[in-house]
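A.B. asks: Single-letter residue listing:
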Amino acid sequence: GENVEQHPSTLSVQEGDSAVIKCTYSDSASNYFPWYKQELGKRPQLIIDIRSNVGEKKDQRIAVTLNKTAKHFSLHITETQPEDSAVYFCAASMDYGGSQGNLIFGKGTKLSVKP
Amino acid sequence: KAGVTQTPRYLIKTRGQQVTLSCSPISGHRSVSWYQQTPGQGLQFLFEYFSETQRNKGNFPGRFSGRQFSNSRSEMNVSTLELGDSALYLCASSLVPPSSYNSPLHFGNGTRLTVT
Chain A
1 GENVEQHPST LSVQEGDSAV IKCTYSDSAS NYFPWYKQEL GKRPQLIIDI
51 RSNVGEKKDQ RIAVTLNKTA KHFSLHITET QPEDSAVYFC AASMDYGGSQ
101 GNLIFGKGTK LSVKP
Chain U
1 KAGVTQTPRY LIKTRGQQVT LSCSPISGHR SVSWYQQTPG QGLQFLFEYF
51 SETQRNKGNF PGRFSGRQFS NSRSEMNVST LELGDSALYL CASSLVPPSS
101 YNSPLHFGNG TRLTVT
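Going down the list, the sequences are from chains A and U.
Per the working numbering, the first sequence runs over residues 1 to 115.
Per the working numbering, the second sequence runs over residues 1 to 116.
Think of the hints as simulated: they come from the structure by calculation, not from any bench.
Don't be surprised by glycine CBs; every beta carbon is placed ideally from N, CA and C.
What you were told as hints is all true, and nothing was included just to trick you.
Only some residues are given here: those of chain A computed to face chain U with a beta carbon under 8 Å: (1) 34; (2) 49; (3) 103; (4) 105.
Distance condition first, Cα-Cα at most 20 Å in a straight line; then the derived SDA-like pairs of lysine to any residue: (5) U/1 - A/46; (6) A/107 - U/40; (7) A/68 - A/27; (8) U/13 - U/87; (9) A/107 - A/26; (10) A/42 - U/22; (11) A/110 - U/39; (12) A/107 - U/87; (13) A/107 - U/109.
Construct the complete structure from the given sequences, taking the supplied hints into account.
C.D. replies: Here it is, written out as structure tokens:
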């Protein structure tokens, strides 16, 4: 089955700097790659997603890139702010036939943004 | 629109007991997925239901089971509880199964299960 590796497990940056989180996946059939943000004590929430038919997607300070050949995708956060501090999870799933795949998550990256 | 509702929020059980967790998806959502969240392992997929059918199952022992009702509400059952089952159990719903266009997972607040 699918396996998703996420790095780094912890990341500390200064406010205003950029943060990059990287994930690799094992199954080349995967075609959907969302990113979730989980603040302390709260539920995971989708912040951005990308499908395998595009290489990059941007939403304000957040961008995701996908390299299908290398089977890796990355989350980029620019101009970080203290409220970006949270655990970020990447995930991958595949669409096979009429039965959609499950989402397999990485183990998370704890991002700390220091003021 | 109400979000995904999970009950109860907290549970304390002893080893060997069984437990049932409940999840009500967002109105109109027909896919429900369950995840186990622990500090060391992150979010681990348990199973996914769509139209009362289990579509996918993660790598968990048979003690973990679930079902979905005709109104899309779902329950998850864990029998013969072990200490290692202590975790936050998250339910998520989507309009159609995950990975379809514009149908992201929406998570509930979870049920915190403690096994003593």
